[in-house]
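Visitor: In case you want the letters, here they are:
Number of protein chains: 2
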Amino acid sequence: MRNIKIVIEYDGTRYAGWQRQKNAMSIQEVVEDAISSLTKEDITIIGSSRTDAGVHARGQVANFFTDTKIPTEKLPQAINARLPEDITVILAEEVSDNFHARYCSRGKRYSYTILNRRAKPAYMRNYVMHCPYALDFEAMVKASRAFLGKHDFSAFRASGSSVKTSVRTVRQLELIKDGDIIKMFIEADGFLYNMVRIIAGTLVDIGRGRIAGSEIEEIILSKDRERAGQTAPASGLCLEKVYY
Amino acid sequence: MRNIKIVIEYDGTRYAGWQRQKNAMSIQEVVEDAISSLTKEDITIIGSSRTDAGVHARGQVANFFTDTKIPTEKLPQAINARLPEDITVILAEEVSDNFHARYCSRGKRYSYTILNRRAKPAYMRNYVMHCPYALDFEAMVKASRAFLGKHDFSAFRASGSSVKTSVRTVRQLELIKDGDIIKMFIEADGFLYNMVRIIAGTLVDIGRGRIAGSEIEEIILSKDRERAGQTAPASGLCLEKVYY
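Sequence order for the protein chains is Z and W.
Everything in the first sequence is counted per UniProt numbering, starting at 1 for the first residue and increasing by one.
Everything in the second sequence is counted per UniProt numbering, starting at 1 for the first residue and increasing by one.
Because the hints were derived from the structure by calculation, they are not lab data.
Think of the CB as a built atom: it goes at the ideal place given N, C-alpha and C, for glycine as much as any other residue.
Some hints could be false.
[To be verified] On the chain Z side, residues computed to face chain W include the following (Cβ under 10 Å):
(1) 83
(2) 86
(3) 238
[Unchecked claim] Keeping only pairs whose Cα atoms sit at most 35 Å apart, straight-line, the calculated DSBU-like set for lysine-lysine is:
(4) Z/120 with Z/74
(5) Z/120 with W/177
(6) Z/69 with W/120
(7) Z/120 with W/22
(8) Z/177 with W/150
(9) Z/150 with Z/177
(10) W/22 with Z/183
(11) Z/74 with W/120
(12) W/120 with Z/183
(13) W/74 with W/40
(14) W/40 with Z/183
Isolated chain Z (complex conformation) (with noise of 0.2 Å):
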C-alpha cells in the first residue's frame, strides 16, 4: 500500500469541524468520501489537526494508505473533482509508511484576523473576527512577547483535551496592523486546545484595557485559565502551515 500525504485548504464555515461526527458533517468525512468515490475503497484520512467548526485552513495536511494506481501528481485533481467548492487539494506526495500526519508534526502556523472598527464585516465576513471596539495595537504588541518561549500553557487551554503536556514553544507570535485589519501569525511546536483563540482573545482584552499587557507572565505561571481572556471566535482562525 501507498502512505499519500494530502495538503488541504478549506474554508470551514459551512462544516462542524475536521473530525468525523454523527449527525454534522465534516471536512475529514467530505474529504474521505471524495478519495474513497474516487479509488473504490473505505478511506480513513488521518489529519495533523482537528480543527473546530468555522475555523479555516490553508494547509492543513493529512495522510492515507491507499493500493490506487493513479499516478500521485494526478491525484488532487482527480480529488478536487469530487470536492465541493469550499474544499481543495493543493498537493499530493508519497511518503513513508511510518509518516503519520498528526504524530509526526514539528510545529504548526496560524494566523487569526480581527476586523477592529464600529460597522460589522461584509467582504470577508466569515474569515475575522468583529471587535467593534478601539484597541491599542502597541499594547498588544508589546503584551504579545511575554508568550514567546517555552511555557506551561495551562491557562491558555479549553477544557475538554487529554494531553500528555501542557507545556509548549512558541516560537513565533507577531501582530500586524493594516488599516482596520489586525493580523496576528503564530508558530508553535504544538498547540493546546484551542489556545490561538485563547491568545487572540487575551491579546483582544489587553487592547481594550481589560486585561493589563504586564500580567500576562503572571497569568501563564498562574496555569489558571479564568485569568486569560475570552476565546475569540472561530471565523478569525485559519491553519496556515503544518511542519514535519
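Fit chain W to the known structure of chain Z by using the hints.
Guide: Relative to chain Z, chain W alone:
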C-alpha cells in the same frame, strides 16, 4: 432636506451588481429599501460606481436626501440593522446639497486579486480570480508601467458604455506577490466600463506569455479592444476607495 454621504462595504457574490434592475437583486435596491424602511421615506441613493455582478466593495460611496431626524452618526448602525450580512454601511456624514457621489468623484482605487496555483481556490474563493497557469510576475510588473499616465483607454473598454471621452489618467498601478497570491492596486481619475478587469486580464495574458509586455503601448495606441487581453472575472475585483 439633508444630503447624506455614506461609505458602503459589500460582498457582491450574491448580487446582480450595484444598479437597481428588474428581476434581479442589486446592492442599490437592498440599501435603498433598508434606508426607506428606517426613515419612512421613498429614498433613492446615488452610487459613485455601478459595480458589476460579483464585484465587491470596501469603499463604495453613495449619497441620498432625507428629512429624517436621526443623527448622522447613528445612521450606520440603524441602517445596518436592516441590511443583510453581506452589505454594511461603514460611515455616514452630512454633506452640502451639491455633493453628488458620481459626478463629484475625483478618482477611484480598485484592487484585483489573482490566486496563481494549480488547485482551485476554497478559502476566500469568492474574492479571487483563479489562474492555474504559471505566471511570469516580473514580466507583469514591467509591462504594468505602460498603463501609467494619461491615455485613451478605448482598447481597455467593454462595449455598451457611452461616456463622452475615453481618456483617463492612471495615477498608480502596483503589483504585489505574496506566496501564490498576486494583488494589483490601480488608481485613476476614473475608469471606463470593465477597464480594471481588462487591464488585469491583459496582465495575466502577459504573465502567461500570450501577449508580449512590450506591446502594451502599441495596444493602447491602437484603441482596439480586440488586441487587449481577456476580461478577468468579477470575483477578483474590489472597489477600495473613492476620492472627492
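Visitor: All hints, please: hold or fail.
Guide: Now for the hints, and whether the structure bears them out:
Among the interface hints, the one on residue 83 of chain Z holds; its C-beta lies about 8 Å from the nearest C-beta in chain W, closer than the 10 Å criterion. A cut of 10 Å between beta carbons decides the hint on residue 86 of chain Z: the least distance to chain W is about 5 Å, and the hint holds. For residue 238 of chain Z, the suggested interface contact is upheld, since its CB lies about 7 Å from the closest CB of chain W, less than 10 Å. For the hint pairing residue 120 of chain Z with residue 74 of chain Z, the CA-to-CA distance comes to about 42 Å; that exceeds 35 Å, so the pair is violated.
The suggested pairing of residue 120 of chain Z with residue 177 of chain W holds, with an alpha-carbon distance near 29 Å, which does not exceed 35 Å. Pair hint residue 69 of chain Z plus residue 120 of chain W holds up; C-alpha atoms about 24 Å apart against a cutoff of 35 Å. With a C-alpha separation of about 29 Å, the suggested pair residue 120 of chain Z and residue 22 of chain W falls inside the 35 Å cut-off, and the hint holds. Using a Cα cut-off of 35 Å, the hinted pair residue 177 of chain Z and residue 150 of chain W holds, with the two alpha carbons roughly 34 Å apart.
Straight-line distance between C-alpha atoms of residue 150 of chain Z and residue 177 of chain Z comes to about 26 Å, which keeps the hinted pair within the 35 Å bound. At roughly 41 Å between alpha-carbon atoms, residue 22 of chain W and residue 183 of chain Z are farther apart than 35 Å, so this suggested pair is violated. The hinted pair formed by residue 74 of chain Z and residue 120 of chain W meets the criterion: a straight-line CA distance of about 14 Å does not exceed 35 Å. For a cut-off of 35 Å, the pair hint linking residue 120 of chain W to residue 183 of chain Z stands: about 25 Å separates their Cα positions.
Pair hint residue 74 of chain W plus residue 40 of chain W holds up; C-alpha atoms about 16 Å apart against a cutoff of 35 Å. Taking the CA atoms of residue 40 of chain W and residue 183 of chain Z, the gap is near 40 Å; set against the 35 Å cutoff, the hint is violated.
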